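Each protein sequence line maps, in turn, to chains A and B.
Numbering-wise (the numbering used here), the first sequence opens with residue 1 and increments by one.
Numbering-wise (the numbering used here), the second sequence opens with residue 335 and increments by one.
Calculated from the structure, these hints are not laboratory results.
In this text, all values refer to a predicted model and were calculated from it rather than measured experimentally.
Mixed in with the good hints, there may be bad ones.
Across the chosen pairs, the derived CB separations fall in these ranges [to be verified]:
hint: 1; chain 1: B; residue 1: Glu357; chain 2: A; residue 2: Ile20; range: 35 to 43 Å
hint: 2; chain 1: A; residue 1: Arg327; chain 2: B; residue 2: Met661; range: 46 to 54 Å
hint: 3; chain 1: A; residue 1: Arg327; chain 2: B; residue 2: Pro380; range: 43 to 51 Å
hint: 4; chain 1: A; residue 1: Ser149; chain 2: B; residue 2: Arg625; range: 52 to 60 Å
hint: 5; chain 1: B; residue 1: Gly575; chain 2: A; residue 2: Glu240; range: 38 to 46 Å
hint: 6; chain 1: A; residue 1: Trp160; chain 2: B; residue 2: Ile632; range: 34 to 42 Å
hint: 7; chain 1: B; residue 1: Arg337; chain 2: A; residue 2: Lys55; range: 35 to 43 Å
hint: 8; chain 1: B; residue 1: Pro380; chain 2: A; residue 2: Ile20; range: 24 to 32 Å
hint: 9; chain 1: B; residue 1: Asn545; chain 2: A; residue 2: Glu240; range: 22 to 30 Å
hint: 10; chain 1: B; residue 1: Ile632; chain 2: A; residue 2: Asn6; range: 20 to 28 Å
hint: 11; chain 1: B; residue 1: Arg337; chain 2: A; residue 2: Asn6; range: 51 to 59 Å
hint: 12; chain 1: A; residue 1: Ile242; chain 2: B; residue 2: His597; range: 46 to 54 Å
hint: 13; chain 1: A; residue 1: Gln324; chain 2: B; residue 2: Glu667; range: 48 to 56 Å
Derived DSS-like pairs (lysine-lysine); straight-line CA-CA distance at most 27 Å [stated by the list, open to error]:
hint: 14; chain 1: A; residue 1: Lys84; chain 2: A; residue 2: Lys102
hint: 15; chain 1: B; residue 1: Lys615; chain 2: B; residue 2: Lys652
hint: 16; chain 1: B; residue 1: Lys682; chain 2: A; residue 2: Lys330
hint: 17; chain 1: A; residue 1: Lys253; chain 2: B; residue 2: Lys634
hint: 18; chain 1: B; residue 1: Lys356; chain 2: A; residue 2: Lys280
hint: 19; chain 1: A; residue 1: Lys133; chain 2: A; residue 2: Lys55
hint: 20; chain 1: A; residue 1: Lys133; chain 2: A; residue 2: Lys89
hint: 21; chain 1: A; residue 1: Lys330; chain 2: B; residue 2: Lys687
hint: 22; chain 1: A; residue 1: Lys230; chain 2: B; residue 2: Lys356
hint: 23; chain 1: B; residue 1: Lys635; chain 2: A; residue 2: Lys330
hint: 24; chain 1: A; residue 1: Lys133; chain 2: A; residue 2: Lys268
hint: 25; chain 1: A; residue 1: Lys27; chain 2: A; residue 2: Lys55
hint: 26; chain 1: A; residue 1: Lys247; chain 2: B; residue 2: Lys634
hint: 27; chain 1: A; residue 1: Lys293; chain 2: A; residue 2: Lys136
hint: 28; chain 1: A; residue 1: Lys253; chain 2: B; residue 2: Lys356
hint: 29; chain 1: A; residue 1: Lys130; chain 2: A; residue 2: Lys230
hint: 30; chain 1: B; residue 1: Lys356; chain 2: A; residue 2: Lys268
hint: 31; chain 1: A; residue 1: Lys330; chain 2: B; residue 2: Lys356
hint: 32; chain 1: B; residue 1: Lys687; chain 2: A; residue 2: Lys230
hint: 33; chain 1: A; residue 1: Lys253; chain 2: A; residue 2: Lys281
hint: 34; chain 1: A; residue 1: Lys251; chain 2: B; residue 2: Lys635
Ideal Cβ placement from N, Cα and C applies to all residues, glycine included.
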Amino acid sequence: MINKDNLKIAIVGCGALTRIFYLPVFKRLSVNPVVLVDPDLTSINDLAKSSGAKKISNSLEDIADDIDAAIIATPNFLHFPQTKILLEKGKHVLLEKPIASKEALVKELINVEKSSGVILQPAMMRRFWKINKAVKTLLQEEIFGILQSVSMQEGGVLNWPVQSTAIFNPALSLGGVLMDTGSHTLDLLCWWVENRDFELEYEDDSHGGVEADCRLSVNFMNTSVKAEVKLSRIRNMSNEFILTGTKGWIKLKPWGNVFEASDRRIEKYIYRQYTREELKKQSFIDLFTEQVKNWLFAIEHGSAPVIDAESVLPSIRMIEQGYQHRRQLKYAWN
Amino acid sequence: MKRVLITGAGGFIGGRLVEILKETTVTEINILLRNIAKAARISRYPLHYYKGSIINEESLRTSMQGCDAVVHCAHDFTNPEINLQAADLIAKQCLTQGVSKLIYISSFAVHRNDANESINETSALNEQWDYAVNKIEVEKKLLSYHHQSGLPVIIFRPTIVYGPFSAAWTTNTVMQMLSGRVVVPFDGQRICNAVYIDDVVNAVVKTLQSNNNCEGKTFIVSGPEELTWKEYYNSFLSYAGVHRPVFMSDNESEEWCTKLNAHQPVETKISLIRDPISFLKRTPVYSLYQRMIKNPGIRKKLLSAKASMPGPLIYPSKETFETLSCMAKADTEKLRSELGFQPEISFKEGMRKTLLWAEWANLNYN
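Required output: the full structure, derived from the provided sequences and hints.
Following this line, the structure appears as structure tokens:
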């Protein structure tokens, strides 16, 4: 069995996500990354000192043979090629979303993962919110009847501390708010609905750049489930997910374990799984911690990761099909 | 015009300039931004991004490379010195790189507005308000480069610019009217020189595209109609949930104005009848309310009772008071005769578009 304390881990990409979440999580777990990788070496010098990393590098290729595992938190266009290189070399990977822009590429990664016998875990950390797990079982046990509709609205005026312009370059980001926020939102949708067959309509406001606002309507085949998803980086959104079944509904926030339900029965079901205190105290950093812990556990024990790449395929296909069938979103005031 | 650098493209005027340029021309656009997140709106178009500051010489040098023109929209509200430094560096860099046009977005606020006569580009300047003083200094600096070194600068002084994505005169107005009753002085009868964003941006685009020897000149840009502040505020009343503004009488306004000018405390005597929410907030009733509202059982009833009361009064700051007290109509004759541009979007049409946006933007979710 591999011991996580002896594991040589690289963190590849040292933007806001790494600084705000991954490095604090490593501190929390008393794990030191051995190397930080970023094209801008001067900006990560201090980061290496404070995180206990022994080395910094601006080239993944240069250090790939010296590590056992890596967290990939680079601009989106690098996710697939960097992960493929590492998997082929037999390295375990925790890969930030979107794990790839196309279903075929995810399948390619899955094949390499299997043939190399390593762990590839997509960083779909929202599945670790306790309320989201509770909704999953609520649906499986049909506590509010048969699911009829899902309405998801997420976003706000962008205020993420963006370090690089890559996020707005379609060649580097591979898309806008659908690819970015949508990776999480649609992953939850697909994870909850558990139906891989769907047809969709999609429109966004891109004019050759990346979309800032979009709308997606999904019909899940052979079921009565319809989903309506609205995402934005440039306007206030209700930030509510509403799932309606034949016998009730539940309303959630995209973050935090905040919910409202149509009746006490649903509330009781949730509170049987988690206490109010447990729901209240879970934070973003807890999600990242649970994610990294799960990944390390899978590596140590040679077990399957809690979230595997296979389970992310439907949401990646949804994004891919959205862009393929894209219609222009027109603003009434322009 | 093949390539233009826009500073402040993450803001209201710069953002709309990007949209209109990309939708109506084949111009390549460089943008220089300190805070990349602000580019979300304009990132819908293919642009050339440069992360950096307007007071960093190297950032300006690289972002200006290959540009025929520069439109300087950026303004730092926190530090006036930055705006002066930026003007200096931008002027020098334009001269070094042979930029053929520099457009600076100044403000109509540079003018005094308390005289009962129309204001043109030669009218008296406002030396009282820090924002106006800073804009005047920047204008002077750029014009001195024009006189001494031939900097091809053209200055625009837009009036009250409203429209989609306007923080000052759309989002802020709606937010204030949602949170309470905005107090408007002089019975709302003073002049609101409003201009729809597209009229401002189209004036800039026309200037970029034409060869009209306007370098070294300054132009006021204002809308085609004469409007009162009452009309301006009342036009937002169709937005769901907003409170009707309160129009302060001339006498009350004069008193208020005297206190503001004398820097005297302008705390109002809050009355239960006139401003019940603010009145009750100053009594023990409010702490009781705060405790009771935590109870889910009576929360709804309390909120409904609060909703039925008139919203708290929102008094204008000194600067806003001055703006709402404007006596003079902006004169755009120079814009028409020398630049050949006539603002044409009526207030009715501009507000129709603005409210469509405001509804879409879910301003009431804040």
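Consistency of the hints with the structure:
Between glutamate 357/B and isoleucine 20/A the Cβ separation comes to about 36 Å, which falls inside the hinted range of 35 to 43 Å. Restraint check, arginine 327/A to methionine 661/B: a C-beta distance of roughly 50 Å satisfies the suggested window 46 to 54 Å. At roughly 19 Å, the beta carbons of arginine 327/A and proline 380/B sit outside the given window of 43 to 51 Å. Checked against the hint of 52 to 60 Å, the C-beta distance between serine 149/A and arginine 625/B comes to roughly 38 Å, which is inconsistent with it.
One distance hint, 38 to 46 Å for the beta-carbon pair glycine 575/B and glutamate 240/A, is violated here, with the actual separation near 18 Å. Evaluation of the 34 to 42 Å hint for tryptophan 160/A and isoleucine 632/B yields a pass: the beta carbon distance comes to about 39 Å. A hinted range of 35 to 43 Å holds for the C-beta pair arginine 337/B and lysine 55/A, which are about 42 Å apart. The given range of 24 to 32 Å is respected by proline 380/B and isoleucine 20/A, whose C-beta atoms sit roughly 30 Å from each other.
Here the CB-CB span from asparagine 545/B to glutamate 240/A is close to 54 Å, at odds with the stated 22 to 30 Å. At about 59 Å, the beta-carbon gap between isoleucine 632/B and asparagine 6/A misses the expected band of 20 to 28 Å. Distance hint for arginine 337/B and asparagine 6/A: a CB-CB separation of about 55 Å, consistent with the stated range 51 to 59 Å. Between isoleucine 242/A and histidine 597/B the C-beta distance comes to about 52 Å, which sits within the given range of 46 to 54 Å.
Between glutamine 324/A and glutamate 667/B, the C-beta spacing of about 54 Å keeps the proposed range 48 to 56 Å intact. Our distance criterion of 27 Å between C-alpha atoms is met by lysine 84/A and lysine 102/A, whose separation comes to about 14 Å. Only pairs whose Cα atoms come within 27 Å are accepted, and lysine 615/B paired with lysine 652/B is accepted, the gap being roughly 24 Å. Taking the CA atoms of lysine 682/B and lysine 330/A, the gap is about 21 Å. The hint holds against a cut of 27 Å.
The suggested pairing of lysine 253/A with lysine 634/B holds, with an alpha-carbon distance near 21 Å, which does not exceed 27 Å. For the proposed pair lysine 356/B and lysine 280/A, the alpha carbon gap of about 47 Å is over 27 Å, so the pair is violated. A C-alpha spacing of about 38 Å is found between lysine 133/A and lysine 55/A, which places the hinted pair above 27 Å, so the restraint is violated. Taking the CA atoms of lysine 133/A and lysine 89/A, the gap is about 34 Å. The hint is violated against a cut of 27 Å.
A C-alpha spacing of about 13 Å is found between lysine 330/A and lysine 687/B, which places the hinted pair at or below 27 Å, so the restraint holds. A C-alpha spacing of about 25 Å is found between lysine 230/A and lysine 356/B, which places the hinted pair at or below 27 Å, so the restraint holds. A hinted pair counts as satisfied when its Cα atoms are at most 27 Å apart, and lysine 635/B with lysine 330/A does not qualify at roughly 41 Å. Between lysine 133/A and lysine 268/A the alpha-carbon distance is near 15 Å, which keeps this suggested pair within the 27 Å criterion.
As the CA atoms of lysine 27/A and lysine 55/A are separated by approximately 17 Å, the hinted pair is consistent with the 27 Å bound. Only pairs whose Cα atoms come within 27 Å are accepted, and lysine 247/A paired with lysine 634/B is accepted, the gap being roughly 25 Å. For the given pair, lysine 293/A sits about 21 Å from lysine 136/A by alpha-carbon distance, which is consistent with the 27 Å threshold. This hinted pair does not check out: lysine 253/A and lysine 356/B have alpha carbons roughly 36 Å apart, beyond 27 Å.
At roughly 23 Å between alpha-carbon atoms, lysine 130/A and lysine 230/A fall within 27 Å of each other, so this suggested pair holds. A distance of roughly 54 Å separates the Cα atoms of lysine 356/B and lysine 268/A; the hinted pair therefore is violated under the 27 Å criterion. Proximity of lysine 330/A to lysine 356/B is assessed by CA-CA distance (about 15 Å); at most 27 Å being required, the pair is judged to hold. In summary, the hint linking lysine 687/B to lysine 230/A is supported, as the alpha carbons are separated by about 22 Å, within the 27 Å threshold.
Of the pairs offered as hints, the one joining lysine 253/A and lysine 281/A holds, with about 15 Å between alpha carbons and a cut-off of 27 Å not exceeded. As the CA atoms of lysine 251/A and lysine 635/B are separated by approximately 22 Å, the hinted pair is consistent with the 27 Å bound.
Hint check: violations occur at hints 3, 4, 5, 9, 10, 18, 19, 20, 23, 28 and 30; the rest are consistent with the structure.
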